[in-house]
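Got chain A sorted already, so can you dock chain B onto it with the hints?
Number of protein chains: 2
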Amino acid sequence: MRDAYHEQLDSVGHTLVEMAGLVGQALSRATRALLEADLAVAEAVIAADDAVDALHRELDVRTLDLMARQQPVAGDLRTLVTSLRMSADLERMGDLARHIAKIARMRYPDYAIPEDLRATITRMGEIGVDLAARLAGIIEGKDVTDAQTLDAEDDAVDLLHRTIFEKLLRHDEPYPVETAIDVTLLSRYYERYADHAVSVAKRLIFLVTGEH
Amino acid sequence: MRDAYHEQLDSVGHTLVEMAGLVGQALSRATRALLEADLAVAEAVIAADDAVDALHRELDVRTLDLMARQQPVAGDLRTLVTSLRMSADLERMGDLARHIAKIARMRYPDYAIPEDLRATITRMGEIGVDLAARLAGIIEGKDVTDAQTLDAEDDAVDLLHRTIFEKLLRHDEPYPVETAIDVTLLSRYYERYADHAVSVAKRLIFLVTGEH
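As given, the protein sequences belong to chains A and B, one line each in that order.
One point on numbering: in numbering that gives the first Met the number 0, the residue at position 97 of the first sequence is 96, and numbering is uninterrupted.
One point on numbering: in numbering that gives the first Met the number 0, the residue at position 135 of the second sequence is 134, and numbering is uninterrupted.
Each hint can be trusted.
Straight line, CA to CA, 27 Å or less: simulated DSS-like cross-link-like pairs of lysine-lysine: (1) A/Lys166 - B/Lys166; (2) B/Lys101 - A/Lys201; (3) B/Lys166 - A/Lys101; (4) A/Lys201 - A/Lys141; (5) B/Lys166 - B/Lys101; (6) B/Lys141 - B/Lys201; (7) A/Lys166 - A/Lys101; (8) A/Lys166 - B/Lys101; (9) A/Lys101 - B/Lys201.
Worth flagging that the hints you see were computed from the coordinates, not collected in a lab.
Since this is a predicted model, take the numbers as computed values, not measurements.
In isolation and in its complexed conformation, chain A is listed as follows (with noise of 0.2 Å):
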């Protein structure tokens, strides 16, 4: 049987796992507003954040309390620092999130990531998405092994980053500045989404290697 301090410290865990299926849902949802000029799921995923954000401050709450009451020795304290960490990593990819729905919302009823560049967008997202779902799994399951892989489909998001702006500068017939501009913050806003996923995987990987 666990006792309550250990309970507390697996809590933290779950908290993190949430936070991940949380933000996954949130990218989806804001990809999905931002192809299909959607109002009600912008404002949806615009809303949703509230959640994330209180779970990020009440984790840092448990956390320092836990940290502060229990003493706890080096390894505990690792998981502990490690998690506050994910923890801000995972608020941000929230954010993120929900800049990208706050871009569809402004240009409703119009698109704002004109036709031929739909694709890469979508494909940005479907990284995202699929980054967050695989680490709920790296976190629940300290999955070093899967945490390695991540790096990989953030190359993918960085080159396709780059590719949104080969293909702004190089169409035919100039795009509107104001499609630059918003394509250009979508861009970035998909591919910092990605850093972080990263930035959590890396940090689960030091918390169970010690090795950066």
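The following block gives chain B in isolation, referenced to the frame of chain A:
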């Protein structure tokens, strides 16, 4: 006389002050590289960011070690956790200055910023540099009063960020897409730099007062 433990606690603070100094200098020089299309300065900023990253990593190791070995009391523990977070913000500010320098380098010998946006970018740079300089003093002196005024400067940067978009959109002769992309990213980097500066100040306020 301070014992070794308290000297180590103090030295964490000194490192944060040093980092604030370095990232302020980085932003100052990155802005110069951008406005004067100065390749040598851009290269220097990019190279110098390694020192900030090294301080960040080294402070991490030192802080985690202090936590594990000294079992700090609640107040000291909160100081150490907050220091880790401030260090992460400062490290990110260094990254953002480096991103700005990289755009200057990429466009060299051309100017990345068109003539009529120079004044706005200059101002964003000045505010960012001022924020970093004040952070050094705020961390050094645990100066809550000054920390509380940083939000106003951040609001000024947010306003300039929106101004940039309006100027991009309303220019008589549409800007090239390349300019729109560069300026959008640059403005975003300055805005995020200021966000992280405010984040450091807020962490200090919370550390001293216990209030968000």
